[in-house]
Amino acid sequence: MTRTVPKTFIGRNPSVLWFLLALAIFTIGVTLMAQAGFVSTSFVKTLGKTLCLCLIAVAMDVVWGYCGILSLGHFAFFGIGGYAVGMWLMYARTENIVATSLSGRPIPPTEQEVIDAIGTQIFGVVGSSEFPLIWSFADSLFLQLLAVVLVPGLLALVFGWLAFRSRVTGVYLSILTQAMTLALSLYLFQNDSGLRGNNGLSGLQNIPGYEDVSQASLSIAFFWASAVALAAGYVLFAWVISGKMGSVIRAIRDNEARVRFLGYHVESYKLFVFTLTAVISALAGALYYPQAGIINPAEIAPIASIYLAVWVAIGGRGRLYGAVIGAAFVSLLSSWFTGGGAPDINLGFYVIRWTDWWLVLLGLSFVSVTLFFPKGIGGLFDMIVINRPVTDRQGDYGPDKGAWRREEGQE
Amino acid sequence: MFRALVFAFLACCFMPMQAGAQDLQSLLQTHRDEIAAPSRSSVGVALDDLAGSGVPAVATFLELWQDRQVWQREADGLFFLAEEGEGGVYTLTDIETGEVVGTADKSELTELRPNGGVRREIASALVQFQLSAPDIERRIAAVDAIARAMNADQLTPLLGAIDNEPDAALRARKERLAGMLAASFAETTQERVAAIEALADDLSVDVRAVLNQLLTTNRSVALAIPQGGNVAAVLEPGSDLSLDTAYEMLVAAELAPARVPASAILAALTENIVDGTVAGTPTAELNTTAAREAAYAALAEQGLVAPTVIEAEAQAAIAAHTYFDVYNESDVAVTDAARLALSAIETRVGVNQFVDLSLDALSLASIYFLAAIGLAITFGVMGVINMAHGEFIMMGAYTGYVVQLFIPDYTISILVALPLAFAVTFGAGVAMDRLVIRWLYHRPLETLLATFGISIALQQLAKNIFGTQARPLTSPGWLDGAWSYNDVISISYIRIAIFILALIFLALILYILKRTRLGLEVRAVTQNPGMAASMGINPDRINMLTFGLGSGIAGIAGVAIGLYAQVTSEMGSAYIVQSFMTVVVGGVGNVWGTLAGASLIGFLQKGIEWFNPSNTLAAQTYMILFIILFIQFRPKGIVALKGRAAGD
Numbered sequence: 001m002t003r004t005v006p007k008t009f010i011g012r013n014p015s016v017l018w019f020l021l022a023l024a025i026f027t028i029g030v031t032l033m034a035q036a037g038f039v040s041t042s043f044v045k046t047l048g049k050t051l052c053l054c055l056i057a058v059a060m061d062v063v064w065g066y067c068g069i070l071s072l073g074h075f076a077f078f079g080i081g082g083y084a085v086g087m088w089l090m091y092a093r094t095e096n097i098v099a100t101s102l103s104g105r106p107i108p109p110t111e112q113e114v115i116d117a118i119g120t121q122i123f124g125v126v127g128s129s130e131f132p133l134i135w136s137f138a139d140s141l142f143l144q145l146l147a148v149v150l151v152p153g154l155l156a157l158v159f160g161w162l163a164f165r166s167r168v169t170g171v172y173l174s175i176l177t178q179a180m181t182l183a184l185s186l187y188l189f190q191n192d193s194g195l196r197g198n199n200g201l202s203g204l205q206n207i208p209g210y211e212d213v214s215q216a217s218l219s220i221a222f223f224w225a226s227a228v229a230l231a232a233g234y235v236l237f238a239w240v241i242s243g244k245m246g247s248v249i250r251a252i253r254d255n256e257a258r259v260r261f262l263g264y265h266v267e268s269y270k271l272f273v274f275t276l277t278a279v280i281s282a283l284a285g286a287l288y289y290p291q292a293g294i295i296n297p298a299e300i301a302p303i304a305s306i307y308l309a310v311w312v313a314i315g316g317r318g319r320l321y322g323a324v325i326g327a328a329f330v331s332l333l334s335s336w337f338t339g340g341g342a343p344d345i346n347l348g349f350y351v352i353r354w355t356d357w358w359l360v361l362l363g364l365s366f367v368s369v370t371l372f373f374p375k376g377i378g379g380l381f382d383m384i385v386i387n388r389p390v391t392d393r394q395g396d397y398g399p400d401k402g403a404w405r406r407e408e409g410q411e
Numbered sequence: 001m002f003r004a005l006v007f008a009f010l011a012c013c014f015m016p017m018q019a020g021a022q023d024l025q026s027l028l029q030t031h032r033d034e035i036a037a038p039s040r041s042s043v044g045v046a047l048d049d050l051a052g053s054g055v056p057a058v059a060t061f062l063e064l065w066q067d068r069q070v071w072q073r074e075a076d077g078l079f080f081l082a083e084e085g086e087g088g089v090y091t092l093t094d095i096e097t098g099e100v101v102g103t104a105d106k107s108e109l110t111e112l113r114p115n116g117g118v119r120r121e122i123a124s125a126l127v128q129f130q131l132s133a134p135d136i137e138r139r140i141a142a143v144d145a146i147a148r149a150m151n152a153d154q155l156t157p158l159l160g161a162i163d164n165e166p167d168a169a170l171r172a173r174k175e176r177l178a179g180m181l182a183a184s185f186a187e188t189t190q191e192r193v194a195a196i197e198a199l200a201d202d203l204s205v206d207v208r209a210v211l212n213q214l215l216t217t218n219r220s221v222a223l224a225i226p227q228g229g230n231v232a233a234v235l236e237p238g239s240d241l242s243l244d245t246a247y248e249m250l251v252a253a254e255l256a257p258a259r260v261p262a263s264a265i266l267a268a269l270t271e272n273i274v275d276g277t278v279a280g281t282p283t284a285e286l287n288t289t290a291a292r293e294a295a296y297a298a299l300a301e302q303g304l305v306a307p308t309v310i311e312a313e314a315q316a317a318i319a320a321h322t323y324f325d326v327y328n329e330s331d332v333a334v335t336d337a338a339r340l341a342l343s344a345i346e347t348r349v350g351v352n353q354f355v356d357l358s359l360d361a362l363s364l365a366s367i368y369f370l371a372a373i374g375l376a377i378t379f380g381v382m383g384v385i386n387m388a389h390g391e392f393i394m395m396g397a398y399t400g401y402v403v404q405l406f407i408p409d410y411t412i413s414i415l416v417a418l419p420l421a422f423a424v425t426f427g428a429g430v431a432m433d434r435l436v437i438r439w440l441y442h443r444p445l446e447t448l449l450a451t452f453g454i455s456i457a458l459q460q461l462a463k464n465i466f467g468t469q470a471r472p473l474t475s476p477g478w479l480d481g482a483w484s485y486n487d488v489i490s491i492s493y494i495r496i497a498i499f500i501l502a503l504i505f506l507a508l509i510l511y512i513l514k515r516t517r518l519g520l521e522v523r524a525v526t527q528n529p530g531m532a533a534s535m536g537i538n539p540d541r542i543n544m545l546t547f548g549l550g551s552g553i554a555g556i557a558g559v560a561i562g563l564y565a566q567v568t569s570e571m572g573s574a575y576i577v578q579s580f581m582t583v584v585v586g587g588v589g590n591v592w593g594t595l596a597g598a599s600l601i602g603f604l605q606k607g608i609e610w611f612n613p614s615n616t617l618a619a620q621t622y623m624i625l626f627i628i629l630f631i632q633f634r635p636k637g638i639v640a641l642k643g644r645a646a647g648d
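As given, the protein sequences belong to chains A and B, one line each in that order. Counting from 1, one number per residue, gives the positions in the first sequence under our numbering. Counting from 1, one number per residue, gives the positions in the second sequence under our numbering.
The hints are simulated quantities; they were obtained by calculation from the structure and are not laboratory data. Fair warning: there could be bad hints in the mix.
With a straight-line Cα cutoff of 20 Å, these simulated SDA-like cross-link-like pairs (lysine to any residue) come out [stated by the list, open to error]: (1) B:Lys-463 <-> A:Thr-338; (2) B:Lys-463 <-> A:Ala-221; (3) A:Lys-375 <-> A:Ala-328; (4) A:Lys-375 <-> A:Ala-251; (5) B:Lys-463 <-> A:Ala-328; (6) A:Lys-375 <-> B:Pro-444; (7) A:Lys-375 <-> A:Trp-357; (8) B:Lys-606 <-> B:Val-577; (9) B:Lys-463 <-> A:Trp-357; (10) B:Lys-636 <-> A:Trp-161; (11) B:Lys-636 <-> A:Gly-170; (12) B:Lys-606 <-> B:Leu-545; (13) B:Lys-106 <-> B:Gly-87; (14) B:Lys-106 <-> B:Thr-91; (15) A:Lys-375 <-> A:Ser-365; (16) B:Lys-463 <-> A:Ile-352; (17) B:Lys-463 <-> A:Arg-353; (18) A:Lys-375 <-> B:Ala-596; (19) A:Lys-244 <-> A:Ser-40; (20) B:Lys-463 <-> A:Ile-345; (21) A:Lys-244 <-> A:Gln-215; (22) A:Lys-375 <-> B:Val-577; (23) B:Lys-106 <-> B:Arg-68; (24) A:Lys-375 <-> B:Val-436; (25) B:Lys-514 <-> B:Val-436; (26) B:Lys-636 <-> A:Glu-267; (27) B:Lys-636 <-> A:Leu-162; (28) B:Lys-514 <-> B:Asn-528; (29) B:Lys-636 <-> A:Arg-165; (30) A:Lys-244 <-> A:Leu-262; (31) B:Lys-463 <-> A:Ser-334; (32) B:Lys-463 <-> A:Val-259; (33) B:Lys-606 <-> B:Val-349; (34) B:Lys-106 <-> B:Arg-120; (35) B:Lys-606 <-> B:Asn-352; (36) A:Lys-244 <-> A:Val-259.
When you get a sec, could you build the whole thing from the sequences and use the hints?
Listed below in structure tokens is the structure:
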């Protein structure tokens, strides 16, 4: 009954190749259709944003589906990434505008005057014109891009270290991450947080230095960037969860105490996964918000992170393509329903308007997915894969009903 | 002919009266023009004369004048109280004697219509008469009038009206008011200092206002501190006040020439551009402040612009002068006494504020306790976090709203709403347990998400049914208002009621858990479900009842919260995170733990708000950060389960 395990990474994970293929076909197809005029610029942006959401969903799947940490805080990292890049976009663009308006003067402006004018432009809405300390590096794209990686990375590292060190697990950890997200969004909601309070950052769709390029071309460029980021993220995570480290990570999900007794340093593995996924989430956010054009603290509210968990659960936890499918399916369906795309249903005595009832439908379908299809949409793929590999694992899978070892052993 | 007869008759009628009314009427006649057409600025003289005359009827006249009931007869300029009778004929009454003296047609009369400003002047002149009026309402009104606007003239009449005041409460008020007036307006320093020292026992807002008024200062600048001035503080430019402000003060005091502001320099430079240069400097080089000032100085030398003061000169001028605050009150002894009294009062106000804050924190803690105890019980027994708990709170509040639609009496409707809310949410909880939670035991994270799904569905459902606008849940009239101990310590009755409600539920839950069969079984399942089942307890039934109980208490909490906050479909989510925090901080499955957690969070939130009262968002942020750190030191909460029940 022994079966040779393929040596190469792709050979062991054929789904990666299929996924990349599908993504490439989709990206090229959308590009061609956009060039031909079948797809509007705004829809290309929606698709580009959806790809970013797919990327953060993959990260969420790794941290939850594979490592068993139900983090309700990954959208906070997503938002931090967006804010970090948004600060540069807003600063550089305002600087261009100010430079243009001041260049008409016969006497050139002093440096202080330029900075004051930018400050008034940006912070006028919160009744200030001073640059807060966190905008110190806003004039440098490189430093802000560094912040996209470093700030969420450090935050995740510190938070994760504190939480994992004191053995906070399960539901407790979920609530703590939710509290972290709430604290961050409440902080950003203040006008004196230095990030324009609930106005957020806006005008991010205009890329400084590329004012002449049309939004149609920009949207395609960002669409491609998102697709490449998704592909790279997918391969990275597929690599992380395969091999020996992947086995340890999954083992932590199934029985943390036993892994610890086997001599693995559980905290390090969890911290690595938590931090890595946080950084990838931030990168997804940094790509998302220039396409969305605006970021405000409401985007970071805990509810967003819970929706993220919903996507992953509906798509199917514990398989990366499931997360992608879930994020794409639910977020596109959601915008279709809430955008008024779905036709109303007339029951005679009551008209069901989907803008009002979509959330009810989502909530209930979420409950039924959790109850009846724990594998999610991704589980459907099990039906088409006929040639199932025969497991080389026999015998007892352990007593804990929460564990998934049996199902995974059969895969 | 007829008119002449009438006139003669009228004249006969009140010639003798006029002799009797000589005092008031003649007094009025000396100020006839001012009374007939008063103006706010000049009426004071006439009022002082009237008030000082000692004629008893002056008060009556002033009141009638204020009420616009006095009319002047055009023929002879005399003033009467006139009332419209039948057919537009007015009955004239003498103001002093109250006797009817005749009638007149409207065309013969002019109504006195003092404007608002004049009527205020009249009111303040009236105060001294009203202070001793037989009617207590009017005496109270007079004291209120003095308290609203204190001035030096009121002290003597007020002091005179204390001894004959029969009402003890009003007498105390008068004495207090006289003390406040004496502090500001008494003749001698000793009297004022004594009055100020007497005020130090009082921590009400108006006393503090009086003392602060005594301590108001005026900021000024001079070469040296003037002799004899009551100087409050000497200021250091650069630390106590900004250098720009300091120089502006010099300019305002005409001690230094004005500086040309940067924008004016720029404008002057722009005007004097000649062939792309300003005074020889190319415009492209004028992109620093120093270069601009140099170019401007060059222009000034050519006489093209007014000279300005350069930075170094400005600083020298500031250094050469002294800045200081002077008390408006010239008497040093008075300001010293006022400062001492104020600091004594402020210390006591601080203590009282602490007590007040503690009361606020206590009421907040009782709200969190009510909101979280249901969550804590279900989490403890079943290990299940119910994300829809907030929506059960909302459901309870909407139940109260619906009950009020049918029962208009607020007292009865609240008494009906409380058990009904419990019943509704108990039912919802049991249904949720049977339909969803039961299938997800042993999968806590998935329960969390499934209950979240229910939460968003319920929230949207409430939005669809009740709309997005806030619905009122009105409390009964006897819960309106606040209990106040003094000017600082006060707490609204509704918060006291919620506190009592929380106490009742604490007692009730403790009784159920410790004294009933159900409680015994609940505790058994909490500790070890498998062993409990072996002992013949049905864990399914216990889980169902616990979940129902927890949800039912959430419904009660919803009614309580709805009474002082607004009922919206999102109200649950506002409390859910705090409830989670309470459970996490307090420790799982223990009533006392939840109580400790709720108290900690309530007091913490109020404490942080006290440091930064304007910013409740920051308070919540810091509180959450504190809790994250707290978990580091007590990961299992304040009251942790011990032994096998703790799980690991």
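Do the hints match the structure? See the list:
Restraint check: the Cα-Cα separation between Lys-463 of chain B and Thr-338 of chain A comes to about 15 Å, which is no more than 20 Å; the hinted pair holds. Distance hint between Lys-463 of chain B and Ala-221 of chain A is unfulfilled; the C-alpha atoms sit about 40 Å from each other, more than 20 Å. At most 20 Å may separate the alpha-carbon atoms for a hinted pair to count; Lys-375 of chain A and Ala-328 of chain A meet this at roughly 17 Å. Note on Lys-375 of chain A and Ala-251 of chain A: the hinted pairing holds, with a Cα-Cα distance of about 19 Å set against a maximum of 20 Å.
At most 20 Å may separate the alpha-carbon atoms for a hinted pair to count; Lys-463 of chain B and Ala-328 of chain A exceed this at roughly 27 Å. Among the hinted pairs, Lys-375 of chain A with Pro-444 of chain B is consistent with the structure: their alpha-carbon atoms are about 16 Å apart, no more than 20 Å. Note on Lys-375 of chain A and Trp-357 of chain A: the hinted pairing is violated, with a Cα-Cα distance of about 25 Å set against a maximum of 20 Å. In summary, the hint linking Lys-606 of chain B to Val-577 of chain B is supported, as the alpha carbons are separated by about 17 Å, within the 20 Å threshold.
Restraint check for Lys-463 of chain B and Trp-357 of chain A: satisfied, since their Cα atoms lie roughly 10 Å apart, inside the 20 Å limit. Between Lys-636 of chain B and Trp-161 of chain A the alpha-carbon distance is near 17 Å, which keeps this suggested pair within the 20 Å criterion. Of the pairs offered as hints, the one joining Lys-636 of chain B and Gly-170 of chain A holds, with about 12 Å between alpha carbons and a cut-off of 20 Å not exceeded. For a cut-off of 20 Å, the pair hint linking Lys-606 of chain B to Leu-545 of chain B is broken: about 35 Å separates their Cα positions.
Restraint check: the Cα-Cα separation between Lys-106 of chain B and Gly-87 of chain B comes to about 10 Å, which is no more than 20 Å; the hinted pair holds. Between Lys-106 of chain B and Thr-91 of chain B the CA atoms are separated by roughly 10 Å; this keeps the pair inside 20 Å, and the hint holds. Proposed proximity of Lys-375 of chain A and Ser-365 of chain A is supported: the alpha carbons are some 14 Å apart, at most 20 Å. Proximity of Lys-463 of chain B to Ile-352 of chain A is assessed by CA-CA distance (about 14 Å); at most 20 Å being required, the pair is judged to hold.
As the CA atoms of Lys-463 of chain B and Arg-353 of chain A are separated by approximately 13 Å, the hinted pair is consistent with the 20 Å bound. Distance hint between Lys-375 of chain A and Ala-596 of chain B is unfulfilled; the C-alpha atoms sit about 41 Å from each other, more than 20 Å. For the proposed pair Lys-244 of chain A and Ser-40 of chain A, the alpha carbon gap of about 45 Å is over 20 Å, so the pair is violated. With a CA separation close to 19 Å, the supplied pair Lys-463 of chain B and Ile-345 of chain A stays within the 20 Å bound.
With a CA separation close to 45 Å, the supplied pair Lys-244 of chain A and Gln-215 of chain A exceeds the 20 Å bound. Restraint check: the Cα-Cα separation between Lys-375 of chain A and Val-577 of chain B comes to about 29 Å, which exceeds 20 Å; the hinted pair is violated. Restraint check for Lys-106 of chain B and Arg-68 of chain B: the C-alpha separation of about 15 Å stays at or below 20 Å, so the hint holds. Restraint check for Lys-375 of chain A and Val-436 of chain B: the C-alpha separation of about 17 Å stays at or below 20 Å, so the hint holds.
As the CA atoms of Lys-514 of chain B and Val-436 of chain B are separated by approximately 29 Å, the hinted pair breaks the 20 Å bound. Of the pairs offered as hints, the one joining Lys-636 of chain B and Glu-267 of chain A holds, with about 18 Å between alpha carbons and a cut-off of 20 Å not exceeded. Using a Cα cut-off of 20 Å, the hinted pair Lys-636 of chain B and Leu-162 of chain A holds, with the two alpha carbons roughly 14 Å apart. Proximity of Lys-514 of chain B to Asn-528 of chain B is assessed by CA-CA distance (about 17 Å); at most 20 Å being required, the pair is judged to hold.
Restraint check: the Cα-Cα separation between Lys-636 of chain B and Arg-165 of chain A comes to about 13 Å, which is no more than 20 Å; the hinted pair holds. Distance hint between Lys-244 of chain A and Leu-262 of chain A is fulfilled; the C-alpha atoms sit about 14 Å from each other, no more than 20 Å. At most 20 Å may separate the alpha-carbon atoms for a hinted pair to count; Lys-463 of chain B and Ser-334 of chain A meet this at roughly 18 Å. Simply put, Lys-463 of chain B and Val-259 of chain A have alpha-carbon atoms about 47 Å apart, too far for the 20 Å limit, and the pair is violated.
Of the pairs offered as hints, the one joining Lys-606 of chain B and Val-349 of chain B holds, with about 17 Å between alpha carbons and a cut-off of 20 Å not exceeded. Taken as a hint, the Lys-106 of chain B and Arg-120 of chain B pair is broken in the structure, with Cα atoms around 27 Å apart against an allowance of 20 Å. The suggested pairing of Lys-606 of chain B with Asn-352 of chain B holds, with an alpha-carbon distance near 15 Å, which does not exceed 20 Å. Pair hint Lys-244 of chain A plus Val-259 of chain A holds up; C-alpha atoms about 13 Å apart against a cutoff of 20 Å.
In this structure, the hints that do not hold are numbers 2, 5, 7, 12, 18, 19, 21, 22, 25, 32 and 34, in rising order.
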